[in-house]
Amino acid sequence: MVTVRALRAKAGTEPITMLTAYDAPTAGIVDAAGIDIILVGDSMGNTSLGHESTLPVTVEEMKSRTAAVARATDDALVVADMPFLSFGVDEASSIENCGQMLKEADADAVKLESGPHTVELTERLVQLGIPVMAHLGLTPQRVKEVGYSRQGTSKESAREILELAKAHADAGAFSLVLEHVPANVATQVTEAIDIPTIGIGAGPDCDGQVLVIDDVVGMSDRVPPFAAQFGDVKAEMEKAVDAYRDAVEAREFPADEHSHVEDELDELY
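Each residue of the sequence shown is one higher than the last, beginning at 446 in this note's numbering.
Worth double-checking, as some hints may not be accurate.
Below, simulated DSSO-like cross-link-like pairs (lysine-lysine); rule was C-alpha separation at most 27 angstroms, straight line [stated by the list, open to error]:
id: 1; residue 1: 611; residue 2: 455
id: 2; residue 1: 611; residue 2: 600
id: 3; residue 1: 589; residue 2: 600
If you're looking for bench data, these hints aren't it; they were derived computationally from the structure.
Full structure from sequences and hints, please.
Rendered as structure tokens:
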């Protein structure tokens, strides 16, 4: 099994792989492929729940999806993404919500979209035995404030990301996601801290990479410029559904082999 300690030891050595999953069948496939980390992302709001952003995702939805993923995972580290306003409002409720992900949903760690307000919380969670993955750069829960544009593009904002990365590493975070930041900024952050960085739209020099599973397998209607499609599951699903419809309409399905006849029941009336 992949552990937090093992992942920390990977910093600067071998690449870390990370993908999202939101259900048991997908988690089983991702785990069997040998992916290091499965993130139960609040990106489920866009990809699975029909929302336009991640903001409506609830703690209960995250617990349910995390538990499903954990049940299908044997080796990968399962990380639960903490939804908007489930943390950072007050310490007690933040700790309770994060703790539920480990205690009730069997997650191995939680991820916080981070900022100055999460440094002390990260330290407290780690003290209580809740491993924390930090997340800087583009943080989709702040979409109403910053949109989906690249972050860290000025010296001031890049330095802020660097300092926050150091602060969260010092607070005990076991890894850091860097999203949609200039590659040279991500390189400097990676060199400055002793925990692994995991990039998404942050260039090749991070210690690992993460993508949304829907983008990887071709289920997304729109793929971000920093993502890549490695398969076309959507086309295969469309082909299968079309074939099923045609077979039913042509009375070719169900065929004899799909049905059972009980001879003694031929004359009911």
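Okay, the hints, checked on the actual structure:
1. 611 - 455: 18 angstroms, holds
2. 611 - 600: 16 angstroms, holds
3. 589 - 600: Holds, because 23 angstroms separates the two Cα atoms, which is no more than 27 angstroms.
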